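Read off the chains here:
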Amino acid sequence: MKLYCLSGHPTLPCNVLKFKSTTIMLDCGLDMTSTLNFLPLPLVQSPRLSNLPGWSLKDGNAFLDKELKECSGHVFVDSVPEFCLPETELIDLSTVDVILISNYHCMMALPYITEHTGFTGTVYATEPSVQIGRLLMEELVNFIERVPKAQSASLWKNKDIQRLLPSPLKDAVEVSTWRRCYTMQEVNSALSKIQLVGYSQKIELFGAVQVTPLSSGYALGSSNWIIQSHYEKVSYVSGSSLLTTHPQPMDQASLKNSDVLILTGLTQIPTANPDSMVGEFCSNLSQTVRNGGNVLVPCYPSGVIYDLLECLYQYIDSAGLSSIPFYFISPVANSSLEFSQIFAEWLCHNKQTKVYLPEPPFPHAELIQTNKLKHYPSIHGDFSNDFRQPCVVFTGHPSLRFGDVVHFMELWGKSSLNTVIFTEPDFSYLEALAPYQPLAMKCIYCPIDTRLNFIQVSKLLKEVQPLHVVCPEQYTQPPPAQSHRIDLMIDCQPPAMSYRRAEVLALPFKRRYEKIEIMPELADSLVPMEIKPGVSLATVSAVLHTKDNKHILQPPPRPAQPTGGKKRKRASDDIPDCKVLKPLLSGSIPVEQFVQTLEKHGFSDIKVEDTAKGHIVLLQEAETLIQIEEDSTHIICDNDEMLRVRLRDLVLKFLQKF
Amino acid sequence: MDPECSRLLPALCAVLADPRQPVADDTCLEKLLDWFTAVTEAGSSLLLLQENPCLVELLFHVLKSQDLSSRILSFSLRLAGIFAAQENCFQYLQQGELLPMLFGEVGPLGGAAWTAPAVRSGWIQGLRTLAQHPSALHFLAACGAVDTIFSLQGDPSLFVASAAGQLLVHILDLAMRGPAEGRRSPQACDWPACAQKIVGHIEDSLCSTAIPQVTQALSVLTTAFGHCHGLWTQGLWVRLSPLVARLLEKDPVPASHSLVDLLLSVARSAPSSDRGLWETLAQTLSHLSPTQAGPLALGILKLQDCPQALRTQAFGILLQPLACVLEAAAQAPGPPGLLEGAAGDSMTVDTLLSSKSACVGLLCCALAHLGLLQPLPQRPSPWPQAPLLGAAVTILRLCSGSAAPTSDVGGRLCAILVGCGRVQRAALDFLGALSQGTGPQELVTQVFSVLLEYLVSPESSSMVLKKAFQATLRWLLSSPKTPGCCDLDPHTQLFLTELLPVLQKRLCSPCWEVRDSGLEFLTQMTRHWGGQAGFRQALLASEVPELTKQLLRDPESYVRASAVTATGQLSSWGLCASPECPGAQQESLLVELLHILSTDSEGFPRRAVMQVFTEWLRDGHADVAEDAERFVAGVLQAASRDLDWEVRAQGLELALVFLEQLLGQRGSHCPYAVALPETAPPGVLAQALQVLCRVQLFEFAFRALFDCDRPVAQKSCDLLLFLRAKAAPCGSPQEAGDSPNVASVEATLQRWQAGEQGQPLGYLEPGAVVALLRSVDLEGLRDTLAESSDHVEKSPQSLLQDMLAAVGVLGENEADCY
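Residue numbers (the UniProt record's numbering), protein chains in the order written: chain A, 1 to 658; chain B, 1 to 818.
In short, the hints are calculated from the structure, not lab data.
All figures in this text were calculated on a predicted structure; none of them were measured in a lab.
Stretch-level coverage of chain B by chain A, calculated; a stretch enters the list once three of its residues show a Cβ under 8 Å from a Cβ in chain A: (1) 504-515; (2) 554-568.
Simulated pairs of lysine-lysine, BS3-like, Cα-Cα distance not exceeding 25 Å: (3) Lys-459/A <-> Lys-356/B; (4) Lys-510/A <-> Lys-202/A; (5) Lys-202/A <-> Lys-547/A; (6) Lys-356/B <-> Lys-462/A; (7) Lys-2/A <-> Lys-550/A; (8) Lys-414/A <-> Lys-442/A.
Quick list of the computed label-pair ranges, beta carbon to beta carbon: (9) Ser-72/A <-> Arg-618/B: 54 to 62 Å; (10) Glu-431/A <-> Ser-354/B: 41 to 49 Å; (11) Asn-51/A <-> Glu-546/B: 37 to 45 Å; (12) Ala-245/B <-> Asn-257/A: 50 to 58 Å; (13) Thr-445/B <-> Glu-431/A: 29 to 37 Å; (14) Ser-322/A <-> Ser-354/B: 51 to 59 Å; (15) Arg-388/A <-> Ala-541/B: 24 to 32 Å; (16) Leu-467/A <-> Ala-245/B: 51 to 59 Å; (17) Leu-452/B <-> Arg-388/A: 32 to 40 Å.
For each residue, glycine too, the CB sits at the ideal point set by N, CA and C.
Sequences are here, hints too, so could you generate the full structure?
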C-alpha cells in the first residue's frame, strides 16, 4: 500500500492511494497562494496600478520591466494570475481509477487533472460539494476572464533568472508548473465526470475495495472517506469540524478501527477560536460602522459567510445597525444564497427541522426580504444605483488579487474610517495587502477556521484508535513561529508518519488475508471434524474462481470419464488430480508415552535424545531412528518395511485423523 | 400555653396519630416543634404534659401504631426529646418507660421504620435535645444508644451520619463537663465510662485501615475541638495526638482533608506553647502532597501565635507552585532563591506536570490562598511582592500562549495551561490583590502590558475579561500620583491611550456580559478620575462617551442599566457633552433617562435611572440644579407609577434628598432618632412646603405609605416622620383642621389604605399637609410595618387551626380532582 503525496498544502491536499489493485486520488486541492505574487486585476482602470514602475536588476538591467512591477517596496508579476498545481510527474495520473472529493474547497484543481492528464476514471462527490464547487470555479473563472490581460509573463520563471529576483518570487516553488486558470468549458467537462454520492453510501470499486463518504461537519456536503476491503480499513479525514455550525455533524464512530488514518485539513489558525473570532468580527464591524466607516469582508461566496450572516442577523438589531446595508457581491451570490436553502438533508439537525415548519433554514432569507442584505453579481449594474454608505460589503476574492474586492480596496483604502476584516484563513493577510500599501484603512484579521484543532484531534484519535496515523509534515511539529507550543502538533502513539510534497510513502501495514466465498453446494459437501473444542477442520477440494477481485471456491468438475481419446484428455488437463485422499493427521506425540508403548510392543533398549527441534527415539537393537519434530515424523530404518509399518502404526495411534 | 391552643391540642394529636389523615405539609411539623421548644423554654415541660395528657398519649400511640408515616414517627422522637430535656420531665417520662420504648432497642430502632432516613435523623435529634443532664447520660448508657450512634456514623444518609458525629461530641462534652472537669487527668483513667467508650471508639477508628472510619473519627474530633471549649479537650488531644501522628506515617496519608481540618481546629483552640502540636503540624506539612498541604499552610499562616519556623515552612508550601512556574519559564537561570527558601521542589513539579486537572487545581489553590493572605495583617513578612508579581504575570502569559519558555518543563506547562480559563481567572484575581503593594517599575509595566494583552485578546472569555477589567481598575487606581502634580503619571497616561480603543471595541462586543463589564469599568474609572485632566482629555478624544450613550438602547436590560449608570457618571463630570454645543446633549441625556424611566420594560435600567437622578440631585448636577423643582416633579410622577417597588423606594430616597436640601439635614440617619427635631425657621418652612406641594411630593409619599410593598411603606413612613419633625412639631401654633379639604383628603387616604388607590389626592395646601401629618398615626404605622408581614398568621393558634383545617380541606381537594 502506497501513498503518493502530490500537494504540500495541508489543507488543500491531493494524495494518491494505491490499495489492493486500485489507484484512488484523495482530493485535488488547488494552491492559490501563488496568486499573491501577481498584481491585482482591477475591475475599473486603476491609474495607480497601471503606472507602476518596472523592476530592474541591481545592475540596472531592465529586461524584466514588462513582466515585473514594483509596488510599495515589493515586486509583483504583471500577468494573468497563475496557480500552483498538484504534482503531475510523481505518478501517471491516467492510471488513477477514482477521485474522492471531500469538500468543495478541495476540488478546485479537478479540471487540470481530469482534462489534461488522460484521466479516464470516475470522480465521487456529494451533491452540495459539486454544486458549490461549481459556484467557486465559476466565480474564479469569471473573476479572471472578465479582466482580460494581454500579456502572460514567463521570462521570470526561467530558473537562472528567478534566482536573481527578490523574495518571495525567488523562493516560489515549482514556478514552471504554474498554470493559468481553466475555462468554463473545462469546468463543465470535469464536473460531468462526477458521480454523486450520499453519506454512508457504499461504493464498490472493482470488487476490490469499498469506499464510503461520511459527514465531516465542516461544510455543506463535506465528507471524510472510508476505504476498506474485507480485512483492511483506511480512513481519510479531510476538513472536519466538531463545532455546531450549519452542516451535519461529523460522524466519528465510523472512523473506529482503522488500520491507517490519513489526517489532513486541520485548522490553519490553531490559536484562534472561531467563536472568539466571530465576536471580534462583530465588534470591529460595529465599531467601524458606528463611526461612519465602511467594512469590507473579502470572502468566498459560500461557507463561513452563511454563519457570519446568521451571526449578524442576530447582532445587527441589538447593535443598532438595522439601517446599515449589507452587500454581497459575487457572480454567484444569488445561486450561493439560494443553494444553501435547498440542501436541507445536508444541514445540521436544527436547520433541518426548520424546513418542516416550513421556514428557510438560514435566516439570510429574512435579511434579503427585509432589504437588509442585498446581493449583486458585480459592482456594475444595479449595485451602483443602490450603493449607500456606510455599508458592509462581502465580496471575493480573499487573495485580493482579482474579483470585486480589488475595486473596494482601491476605493476605501485611503480612509482610516474604513476597515477590511479578513475572515478567510487561506491567505496571509499581510501578503494579500502588500500591493495596496500604504493603506490608511484599518485591517483586522479574524480568521474563522472551524476545522479541527489539535486538542480536538487528540480527543478524536483517542476515541477512534487508528493503528497508524499519516499526516502532512506541518502537523508533526509546532508552527515555526511558535516553536514552544508543543500543544500545536499531533501527539499520538505510535508517532504519526508525515509526508511532504512529491513524496511516496509506503504505508506500514501488510495485507495478510483475503476473503474467499464457498459456493453453497460445495459447503454442503464438507464434513467438518472437531479437532479441539470450537475448532473444526474439513478438507476441501475445489476450483478457485477469481473474477473482478472476488474469489469463489466452486465444486470441482466431476472427474472425467477415463477415455483414451486425446481430445478428452486435453479437457481433463484442468481438472485437479483427484486421487483417493489419505487422511490428514493432527496432534502431537508425547514422547514418554510413545516410549512406553514401544516397550509394551516388545522394543527394548530405547534411548531418547533431545534435539533442537524435537526428539530422536533410538531403537538401538533394531538400528532404527524415529525423529519426532513439531511438524514431521520420520522413521529411518534399514529396508525393513515390516518394522517401518509397525512403527508407523504405533505413531499413528497418537494422532488424530480426518 | 394559651387556653385556645390547649383546647385545640387534643384534636391535633388525634389527627397526627391517625394514619388515614396524612399531614400535608412538613413545615407544619417543624413549626410545631419550634413552638413546643419555645413553650418548654418558657415554662415547665412536666406541667405541660400533665395539663395536656394528649401529648403523652400521642407518643404512646405512635409506638403502638404500625402504619404511621416516617414523618410522624420522626416528629414524635424529636418531640419526646424536647420534653425530656428537662430532668424532672425526663423522670416523668421514664416512669412510663416511654423513653426506652422510643429510643431503645424495642422502639423504631429494630423495626421496619428504621430504614427511613427521616426516622434515624429524628432519633438522633431527639437524643441530641434530650441529652442535657446527668440522668440522660445514664439513660444513654443503659439503652445502648452509643453503639447505635457509632454505627450511624457510617449511615448512607449524609445528614444522619453527620448528625451522629455531632451527637457523639455532644455526649462526650456532657460527660466530661461538670464539677470534676478541672481535675480530670489526661491519662483518662478517671474519665466517665461513657466518655471512655466514645474515646475508645475514636481510638479504634483512628487505627483502622478503612479510610471512612478514620475520616469519621477525625471529623468527630474536629467538631469536638471546634465547638467544645472545656479544659478536657486538651487532655483529649494529649491522649489522641500520638495516634493522629501515626496517620502521617502511612503513604498516602489517609483522609488528608479531614486531618487538615482537625489539626487546624486543634491549633486554633490549643495554647500556643504546645510544642508537640507545632511539630505535628510541621510533620504534616512535609508529608502531605502539595495539593493537600495548601489549605493547611494557609490555616497555619492565619493563626495568631505560631512559631516562625512553621510559618516559614507553610509559606514555602504556598509559594512552591509559583516558584516552579517562575523557574520553568525563566529564559535564563535567574538569581538563586527567587522565592527565598521555596525553590520549586521536584514533588511540586511532578504534580504540576502530572495532568491538566492536577496542574490547574494546584495553581488555582496556590493563587487563591496567597490572594487571601495578602491583605491580612499577619501575612508573612517580608512579603515577596516582586517575585509574586512576576509569577502572576508569567502564569498569565503561559495561559495566553505569549510566553515562550525555553525549558522542557516550561514548554509542557505552557501546553497544559494555554487557554485555561480557570487559571486565568485565578491569576487575574491574584494580580488584582497584589495591586495593594508596590513593585519595581519594570514589573508594573509588565503587569499593565499583560492586562492589556488580556483585554485586547479575542480569546479572553467574558468572565476572564471581567476579571481583567477588575484587576486593571485596581492597578490603575493604585498607580502613584506624580509628586507635586495632581494629574496622572506618564505611564498611566500612556496606558490609557492604549486602553480606551480596547474599551471602545469591547463596548461593541456581541456578548452582553462583555459590554456590561466594560461599562462597569468605565463607571468606576470615571468615578475616581472624572476630575483628572489627563483622563478627561483621553476620554473625550475617544469614542467611548458616544458609544456609552448608544448603549442606553441596548437590547439587554443589564447593559442598559450599566449604560445608565455610566452615562450618569460621565455626565456628572461633564464628560458627556461634545465640545461644540454643551448643554444640548446634556439636556437630551436628561430627557433620554426620563424616557427610560417611564418606558423601559425591565426594572434594572429604571432603578439605575433613579439612582443616577438621586445622585445628580444630591451632587447638584448643573442641569438638575437649573430647575430642580421641575426635575423632582417629573421624576416623582414617573416613579409613582412604576411597578417595581425598588424604583418607588428609590423615588422616596430622591424625595428625601430634596427635602433635606430644602429643610436641612436629618439629625441622624437612624429612622428612630427623630425625637429631637430641629425645626426649620417658619419663613423657610412655608416656602419649602409650597415647593413640596407643587412637586406633588406629598401625594407620592402618602401613596407610598400604603404601598403593598413593605419596604416602600416603611421608607415613606420615615420620610413623613422626618417631615413632621421639621414642619409640624408638637406645640406648633398651626392647628389641625385649618384647611377645609383635610377631611376629604383623610377620607381618600383611608380608601388608599383599604387598597383603592385609583383616586388622586388632588392639590394640597401646605396647611392641609401639616394637619394631615399630625392627624395620621405615623408612629403606629411604623410599628405595624416593623412587624413581619405574617405576624398574625405566625401565632401558634393559627398554626394549629391551619393544620386541622388542612386535614379537612385535603379531602375536598381530592374530591375536586375528579
